[in-house]
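Given only the sequences and the hints, what does the whole structure look like? Please build it.
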Amino acid sequence: MSESDGIAIERTIAGDGEGFRVLVERYSQLVFRLAYRMTGSEADAEDVVQETFLRAYRAISTYDGRAGFTTWIYRIATNYTLDLLDKRRRRAEQPPPQRIDQEQQEWEFPTAAPGPDRLAEGSQLHRRLHLAMAQLTPQERSAFVLRHFEELPIEEISEALSLGPSATRHSIFRAVQKLRRSLAPFVSSEL
Amino acid sequence: MTHVTEEQLVLYFYGEAEETAAIAEHLSSCPACRADLAAIQRTLNAVDGMPIPDRGPAYGAQVWQALSPKIKPRARFFPVWLQPRQLAACAAMATLLVIAYLAGRGTLPGPGKVEVAQQSVAARDRVLLVNVSDHLERSKLMLIELTNGAPGTLYQDQARAEDLLAANRLYRLSAKRNSQPALTDLLDELEQTLTEVANAQPGELRQIQSRMARQDLLFKIRVVDARMRQTQRQPIDISSN
Ligand SMILES: [Zn+2]
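Residue numbers (this note's numbering), protein chains in the order written: chain A, 1 to 191; chain B, 1001 to 1241.
Under the rule of at most 16 Å between Cα atoms (straight-line distance), these lysine to aspartate or glutamate pairs were calculated in the EDC-like manner: (1) 178(A) - 1036(B); (2) 178(A) - 1006(B); (3) 1220(B) - 1191(B).
Keep in mind that the hints were calculated from the coordinates and are not lab data.
If you're wondering where the values come from, they're calculated on a predicted model, not measured in any experiment.
This is the structure we're talking about:
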């Protein structure tokens, strides 16, 4: 069954819950991936997926088809994730001494990475990657994830993050710059 | 040109730099900047290796399962009491009200019974016609899907067409009894199309589609439906108890 997004949306607006099921089933993985990359936590990503679709459902009649459905759903997911991270950051700022391994709790990583027989080297790189991502601000991380992994054009990222285009470009640059610094020893010895 | 800045290189990598041609030209003659770009590329290649926990192929269905109790079907244009899920309950309630009302008058002996029977047909028609908008909407969506659908999915549309056909007959009769000629004509046309869809052989899809287009059926549905919705905004005469 390959019902187009447009028809599924029209059905949803008409009150047919099955229409929305099509959209949820089609885009859940995508939203999960985005949210996981932004939060580094499976539990948070699951939460983002549920909340995103709930919000999308409530707002579906405002979807005007100007942006693709993916962009629209990304926008909802990104906004919710940023709120979530913001709340968490403010909570984390309460206790005064904050060391680098406490930062790890703001952006939770699976410390014991999943996967049965991963090379020690590989999982070390993964840990390192997670740490590097954790050092980005939520805005840098979102802009970077949307550009690098989801390959959205700058305009759409700007819209999703409610940022000007040059601020968006700069966030992406800052993200790459930080990743470069923290991964430098690793990457240059690897290759 | 002096060396390309790190920011320019990063944006160049993503195809978002403003002076792409100038940067490309500089890169072609500057090993240092080329090396810098290569280092950025290596970093970003490594980032690609960030693992994502696999949710498995059933993930979408799981999300839906958790989500569906939290959402209630609704329609943008329906007033609250006309939301699809409420429709059945609402129609049933209206019928009960009508019955209660008629039962109250039904204490009359003999000839009164005839009057009651006649009134109840009229009342039932009104109740039915409240739902016709929903029926038109469903028919419209089915026909749209049929028009866009892959040939292999015809049988799904046929099952829906059969359901709609049964309802359509009732609505058409009610509309006729209620002297609503425009609606009666539309339902009549719709019934022909639904019958054709329900009985179609796989090869006949295109014929049906082109006949639908010729008759402008979808457009007519939209027009009548819009008019119906407007009349429905006015309260319906079931509150006479
Ligand atoms: Zn140079």
